[in-house]
Amino acid sequence: MPLVLRKTLSPRKCDAQVVAILDSPRTPQSGGPSLKAAATRVARLLATPLVPSDYLDLFSPLQSPAQLRARIVEVRPETRDAATLVLKPGRGWRDHVAGQYVRIGVDVDGVRQWRAYSTTEPPRADGCITVTVKAIADGVVSNHLVRRSRPGQILQLDQATGDFVLPQQRPAKALFLTAGSGITPVMGMLRDGLDSLDDAVLVHCAPTRDDVIFGGELRRLAETSGLQLIERHDDIHGMLQVEQLDQLVPDLAERETWVCGPTGMLDAAEAHWSAKGIIDRLHTERFRPLVVVAGEGGTVNFGTSNISVEADGATPILTAGEAAGVLMPSGCRMGICMGCVVPLREGVVRDLRTGDLTTAAEGDGVKIQTCINAAAGACHIDL
Amino acid sequence: MTAIQRQAVSPVAHLSAEDIEALGRELDAIREQIIGSRGERDAKYIRKVIETQRRIELASRAVLLVSLFPPAWLAGTVGLSIAKILENMEIGHNVMHGQWDWMRDPKIHSTTWEWDNATPSDAWKHSHNQVHHKYTNVLGKDNDLGYGIMRVDEDQRWSKFYLGQPLYNFLNACLFEYGIAAYDLEIGKVIKGRTDKAEFKAKTKGVLRKIRKQATRDYLLHPLLSGPSALTTLSANATANLVRNLWTHSVIMCGHFPKGVETFTRASIVDETRGEWYLRQMLGAGNISGGPALHMMTGNLSFQIEHHLYPDLPSNRYQEIAPKVQEIFSRYGLNYVTGSFPKQLGSAWATVFRLALPNRGDGKVARITGEPQPEPALAA
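Protein chains in written order, with my numbering: chain A, 2 to 384; chain B, -17 to 362.
So here's chain A without its partners, still in its complex pose:
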């Protein structure tokens, strides 16, 4: 799963909010705000109990003012198990910075699934965005997107977020360390800002030469621009050990560094950079949950839905809620994107990665990520 981390909280756009807003698509532009408001009211009354956009969706799903969507314009194979989707976002799309990620909702076997993917290009003249998806073993969504996406299909979309991007003030020297699909946000940054980087090194690891996503383009960039590309193929070089970087990139300590790849690589990089006392130069993008710790479990009460479930201490509340039919907001399902955050009104949950407990007293609204928290006692959740 190509993607992303960052511990910044982004404003969550709950899927269930859809029904709320509604400016009528047929509102006259020239009228004052009161005329527009009146027209909106009439349109809503004409459509009740639905909203005008429900009817508009029949003809133009991208024009919905209530739910951001995107149309697949092109599906471009990258490697044997990765493909780039060119998406035309609908009305309401705000711009992104290359390297940020977007949440994408896709119906797989009839069930809506949300995942986060990095954007791989800066904003384009045609208004399209691109994400590159690598099919992972047993990956329900990634396999669907890589193998079954077709131009013309409609996906649900959320605004771009995240700060794994090049800073406005470009560093004098940059290092990018990536593995597998970890190249995706970095590709976005390179396409966006390689010209403005005086000195950039990319160390990229992949199982074989053919598995390198964007391999052709990276090698061309290395020939024609200043990018110094160091490819490491596991079948030839063996797995990269982080200590080897000192030889590969002797001036590593002087470089602002961005790392995206599997957990092991990120942990090793953090340890290595810490040991050198230059951890502030390291920017990481995580995309796998850490160790699973089992808690005690308990009854989870979803107040608004009027549903209670017995959840064990190893099952994320997200999974337990979905199984019980609660309309759970979700995103990366790995503790990164904050797309699943909901208020815990009362109760205690355990973070499955760290074992840490989060407690809410009656009436609190402690925001918890349901995808990486399990019940550690009775819980009351506002959903």
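Be careful, since some hints might not be right.
Derived Cβ-Cβ restraints for the label pairs, each shown as a range [as the list claims (entries may be wrong)]:
no.: 1; chain 1: B; residue 1: 18; chain 2: A; residue 2: 149; range: 16 to 26 Å
no.: 2; chain 1: A; residue 1: 300; chain 2: B; residue 2: 252; range: 24 to 34 Å
no.: 3; chain 1: A; residue 1: 366; chain 2: B; residue 2: 146; range: 48 to 58 Å
no.: 4; chain 1: A; residue 1: 197; chain 2: B; residue 2: 18; range: 49 to 59 Å
no.: 5; chain 1: B; residue 1: 13; chain 2: A; residue 2: 363; range: 35 to 45 Å
no.: 6; chain 1: A; residue 1: 297; chain 2: B; residue 2: 13; range: 28 to 38 Å
no.: 7; chain 1: B; residue 1: 308; chain 2: A; residue 2: 138; range: 54 to 64 Å
Chain A stretches covered by chain B per the calculated footprint, using a threshold of three residues with CB under 8 Å from any CB of chain B [as the list claims (entries may be wrong)]:
no.: 8; segment: 55 to 66
no.: 9; segment: 106 to 118
In short, the hints are calculated from the structure, not lab data.
Just so you know, even glycine gets a beta-carbon here, dropped at the ideal spot from N, CA and C.
Given the structure of chain A, go ahead and fit chain B onto it with the hints provided.
Frame of chain A, contents of chain B only:
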């Protein structure tokens, strides 16, 4: 109808407790099989139905803009009636049962759906999903048995009030959506002073707000948009609402009132096992036989038995599992009640007329046994 516990020969006397639990396991297996196979085909189905319904509605309302022209009035009224029926039955009723919640689409979900009916979805979900489906055909518990204004079971005590029940039933059918709204407000409880006044007030406000919105749409805005055709559009909309009310009322009568459908005493649900719950659903509902159009227009409540066994399975699957369910009925020696729409509706109405009068013959026998009488349904 006479509660099975009071019949001379119980239709379930031949089943042992083990039989009933085995039956429950067989029905559970069918459920698991459907749940395991829900997927893209089903999602496509409900999206197609919703899209089609909205297109029919838009087209009908567009045609009605010139409803002064009689063929336009007729076509628009027929179309709008169909759209309203689909919206209430195959879409609204089933979505609010949670049949499509597994899709995780916030637009097609029981917690977010609102329907074109006077009763707000929350109130209806409570009275229908939690009360009617749980206490199906239990005298004194399931208010769908006569809606509190009719005597539909020999075991309900007769009074002169019931002489008028054919008329009440007809009026209720014409105004069915408002009847349902009143019934969801549990007005009977209010009269008896068994309800929280503030809560009742808030609920009533919600219903009135909804009625006002619907009336504004059907009886003010769309007529106004029709200009010279305002009055004919108004009459078309009123007709479509009437047709929808009559149709939905009739379908529901066919589901629980025809001959052969059983009722149960309150004692029958004490410590009820899963197998016994299934058994009550099997005997407490009746199907309507017919073609695809009938199934669609009844929201697949033509498979009322299957629906009561599995209220939250996607409606498009009821037809598929009906033969398996029917086979279980015959193997366990139970009566699978089904018949054509006219036959079932006629049978239900016959019950309404018959029980408007005091019991005769068999009905009296039960009374003499001296069993405790169930509380009569509320006479509102």
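Hints and how they fare:
The hinted range of 16 to 26 Å is satisfied by residue 18 (chain B) and residue 149 (chain A), whose Cβ atoms lie roughly 21 Å apart. The beta-carbon spacing between residue 300 (chain A) and residue 252 (chain B), approximately 25 Å, falls within the hinted interval of 24 to 34 Å. Distance hint check: the CB atoms of residue 366 (chain A) and residue 146 (chain B) are about 54 Å apart, consistent with the given range 48 to 58 Å. For the pair residue 197 (chain A) and residue 18 (chain B), the supplied restraint of 49 to 59 Å holds, since their beta-carbon distance comes to about 54 Å.
Taking 35 to 45 Å as the suggested C-beta distance range, the pair residue 13 (chain B) and residue 363 (chain A) conforms, at roughly 37 Å. Distance hint check for residue 297 (chain A) and residue 13 (chain B): the Cβ-Cβ separation is about 30 Å, which falls inside the suggested range of 28 to 38 Å. Hint check: residue 308 (chain B) to residue 138 (chain A), Cβ distance near 43 Å, so the stated range 54 to 64 Å is violated. Using a Cβ-Cβ cut-off of 8 Å, 3 residues of the segment 55 to 66 of chain A lie near chain B, which meets the minimum of three, so the contact claim holds.
Only residues whose beta carbon comes within less than 8 Å of a beta carbon in chain B count, and the segment 106 to 118 of chain A has 6; three or more means the coverage holds.
Taken one by one, the earlier hints fail for this structure only at number 7.
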